[in-house]
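Asker: Can you build the whole structure from these sequences, using the hints too?
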Amino acid sequence: MSDLNRRDPRLAWILRNRLHPRHGELSGQPTRGPTGLLRKNPRPQWQYGPSGVRRLDRLQRGAAAGVSRLSVNKRHEQPALPVHRVGEPQAYIAVWLQTSGGRLTPHCKDVLGQAQQLAVAREEPTAVLGVLCGELKDPVDGAGIDRLLQVNGEAYDGYQPEAWTTLCTQVDAALQPLCWLLPDSGTSAELGRRLGVNLGERPATGVWKIDADTVLARNGAGNLDISRPRSRVMLLLEECALPCGEFRYEVRPMTLTLTAPTGTRLEDLGPVAVDPAEIPLAEAEFILAAGNGVRDWPQFHRAASVLGASEGASRVAVDDGFMPRNRQVGATGTWVSARVYIAVGISGAVQHLQGISKCEQVIAINRDADCDMVKRANLTAIGDSGDILAALLQLVATRATREVSDAA
Amino acid sequence: MLPDALNIAVLVSQGRHPVSGRARRAHQDACALELALCLPQALATNVRAIHAGDPGQEALRDYLGMGIDGLTVLSQTAEDDALAVLHPYLAEQRPDVLLTGVRAECGEGSGLLPYLLADRLDWPLVTGIAAIERIENGAASLLQALPRGQRRRVRVSLPFVASVESAAAEPRQVAFARARRGRITGLTPATEIDQARTEWTLSAARPRPKRLKVTTARTAADRLRQATAKAQGSTGQIIRDDPQAAAKAIYELLVEEGVLRNTQGTGRV
Ligand SMILES: Cc1cc2nc3c(=O)[nH]c(=O)nc-3n(C[C@H](O)[C@H](O)[C@H](O)COP(=O)(O)OP(=O)(O)OC[C@H]3O[C@@H](n4cnc5c(N)ncnc54)[C@H](O)[C@@H]3O)c2cc1C
Chain A
1 MSDLNRRDPR LAWILRNRLH PRHGELSGQP TRGPTGLLRK NPRPQWQYGP
51 SGVRRLDRLQ RGAAAGVSRL SVNKRHEQPA LPVHRVGEPQ AYIAVWLQTS
101 GGRLTPHCKD VLGQAQQLAV AREEPTAVLG VLCGELKDPV DGAGIDRLLQ
151 VNGEAYDGYQ PEAWTTLCTQ VDAALQPLCW LLPDSGTSAE LGRRLGVNLG
201 ERPATGVWKI DADTVLARNG AGNLDISRPR SRVMLLLEEC ALPCGEFRYE
251 VRPMTLTLTA PTGTRLEDLG PVAVDPAEIP LAEAEFILAA GNGVRDWPQF
301 HRAASVLGAS EGASRVAVDD GFMPRNRQVG ATGTWVSARV YIAVGISGAV
351 QHLQGISKCE QVIAINRDAD CDMVKRANLT AIGDSGDILA ALLQLVATRA
401 TREVSDAA
Chain B
1 MLPDALNIAV LVSQGRHPVS GRARRAHQDA CALELALCLP QALATNVRAI
51 HAGDPGQEAL RDYLGMGIDG LTVLSQTAED DALAVLHPYL AEQRPDVLLT
101 GVRAECGEGS GLLPYLLADR LDWPLVTGIA AIERIENGAA SLLQALPRGQ
151 RRRVRVSLPF VASVESAAAE PRQVAFARAR RGRITGLTPA TEIDQARTEW
201 TLSAARPRPK RLKVTTARTA ADRLRQATAK AQGSTGQIIR DDPQAAAKAI
251 YELLVEEGVL RNTQGTGRV
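Line by line, the protein sequences give chains A and B. Position 216 (the first sequence) corresponds to 216 in our numbering; numbering is contiguous. Position 186 (the second sequence) corresponds to 186 in our numbering; numbering is contiguous.
If you're looking for bench data, these hints aren't it; they were derived computationally from the structure. Glycine included, C-beta positions come from ideal geometry on N, C-alpha and C. Any given hint might turn out to be false.
Subject to a maximum C-alpha distance of 20 Å in a straight line, what follows is the list of computed PhoX-like cross-link-like pairs (lysine-lysine) [to be verified]: (1) Lys210(B) x Lys209(A); (2) Lys210(B) x Lys358(A); (3) Lys375(A) x Lys358(A).
Derived DEER-like restraints, expressed as beta-carbon distance ranges [unchecked claim]: (4) Arg178(B) x Gln351(A): 25 to 35 Å; (5) Gly321(A) x Arg206(B): 41 to 51 Å; (6) Ala44(B) x Leu256(A): 48 to 58 Å; (7) Gly186(B) x Arg302(A): 53 to 63 Å; (8) Gly186(B) x Gly321(A): 51 to 61 Å.
Answerer: Set out below in structure tokens:
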């Protein structure tokens, strides 16, 4: 056979003719085998529609005209957002970047959204300056930071409100930002107040709306709204503004010559191990909850203490007297906000599921693979609760000893 | 200052019940007083409560009912600046420890007073404490309340200012007879009107607008998908009838989420 591949005029005609019955199977397919032999695909070319229905797409809207492929591509690739540039900023709006685990908190993103709104409303070019102590894990170009001042160093690690205040005061002296915006929660609420006192400004706290020249602030008890003039240091509540989403921002790093903070008067001795049984159930981060499917109660309590989890219970476990009433999770008990919730032998009645609606990771241990808790759970272990808890206890024990021997 | 007697000043104020709106002792201030009263006998503490405001407020007697001998009230009106009377008084009294609540239950409630006092007195400030663990050799070890029931230990040297969080031990009950019997000492220092406040307008809190779900979809198909998508994803991973594998998967998830203490070391917040 000649190794010249010859063009088949008939095939070419079929490929051109979208209405030909064999157009679909011949177009876009390798039609020649490895030896140069032409191969036919005997099966029809099924397409799967958006709802999963199988279709025979004779028109080949996809392959030939490239229509559906285009839309598939479009769907998957994020449209590249335009970049928001601030060339030569005449003024700055400073925002303290509050992070949790190396990521900006949602509260901080709201504050950045507010800062961008204020910056864009000004006539001269104004940049939003993010001040950060520590590292960021994720890219933050969508969050609304034009300039980023990132400071690292031992003096700023951990809980160092005095060092952070000194840092912000130096930034304030160097760049004279129009105003400072900080989230009114956690350590950044503390920093904002310290900064305000340090700069001699009276901070506006609990601000939830910024108008042209006044701001609306909630008082401490949450029963009064205070309309007051803008301040240079403002502490904003969550959902004060929409987070940025229309642009990408430059996040251009900035450097300032800073003098290291002098001796701090607060010595941070680190977090303290808290007895999980004493944490209020509503606040607990990690809950091991027992239901009617727990038989071996001493083993359950041991598991909770070994894992370091707070104990919860379903109503049945409480009514049967195995657990105290203040440990009941659900509609008539406590609405928990745990990050990780392990439900041992809990069927997942609505009254119970309501109580765990805020939990992020739910693990179900149950004998019944069809119960509602399994539908809610991110990870399910089907089997006897006693066996699985025993295996888990053993696993934790072996890992712990291995770690000790590794460390030694 | 005697070396063996520890002077503790607690700033108290009138509170407001969050539901009924009735005047009562402020919860955090009561917690602060409770902390001061519960310090070990060996420290020979001398606890004094101070209030800046109207001495006629009935709710102030609740603090007397907690078992203190007397309450000092620096008379001023609600429009006056509390800092202007408290700072000179405290600078003169020089307590070793100054305890306050994190924020007041009436008025602005910005929680700024402890910061301002610490700044004026040039003392260190520890915010949101839940307990005083130890006071010895001129230094105190305090437990700071963090979200989710966590605690942080902070050491600070005397004298210091600390604001007390509601997570501290519940304050004791008020003894009615003691509350009646207690003595309120009124002082009339020079007051100063809070100028910034005159520019404010206060109104009952409006419900804040709920944030609407932000849809970023550009095409109709995306919008439809966002509108019809189930909030929770589908069922997660299921492991059947294999306790060992199940335990391993659970363990790995717990480690990944960082909730296992003994494997994570001390996770910093
Ligand atoms: C007005 C009202 C309010 C209520 N409020 C609440 C509330 O706040 N909180 C609440 O929890 N309930 C509440 N309930 C009760 C709720 O309806 C359910 O009855 C209850 O949640 C069921 O508890 P359970 O899942 O532990 O028990 P069950 O429904 O009996 O479920 C037991 C589960 O354990 C499994 N199981 C059994 N043996 C084993 C084993 N050896 N190993 C592994 N799995 C096993 C079973 O397969 C089953 O799925 C309320 C009810 C009413 C009417």
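Asker: Measuring from beta carbon to beta carbon, are Ala44(B) and Leu256(A) in 48 to 58 Å?
Answerer: At 49 Å between Cβs, range holds.
Asker: Regarding Gly186(B) and Gly321(A), is the given constraint of 51 to 61 Å on their beta-carbon distance met?
Answerer: Holds: the Cβ-Cβ distance is about 55 Å, inside 51 to 61 Å.
Asker: Between Lys210(B) and Lys209(A), does the CA-CA distance stay at or below 20 Å?
Answerer: Within the cut-off at roughly 13 Å; holds.
Asker: Is 41 to 51 Å respected by the C-beta to C-beta distance linking Gly321(A) and Arg206(B)?
Answerer: Between Gly321(A) and Arg206(B), where Cβ atoms are some 47 Å apart, the hint holds.
Asker: Could you check the hint for me, namely that Arg178(B) and Gln351(A) are 25 to 35 Å apart, CB to CB?
Answerer: 45 Å, violated
Asker: Would you say the C-beta atoms of Gly186(B) and Arg302(A) sit inside 53 to 63 Å of each other?
Answerer: The hinted range 53 to 63 Å holds for Gly186(B) and Arg302(A), with Cβ atoms some 59 Å apart.
Asker: Within a Cα-Cα threshold of 20 Å, do Lys375(A) and Lys358(A) meet the stated pairing?
Answerer: Holds, at roughly 15 Å.
Asker: Does the alpha-carbon distance linking Lys210(B) and Lys358(A) stay inside the 20 Å limit?
Answerer: With a Cα-Cα distance of about 18 Å, the restraint between Lys210(B) and Lys358(A) holds, given a limit of 20 Å.
When the structure is compared with the earlier hints, a violation turns up for hint 4 alone.
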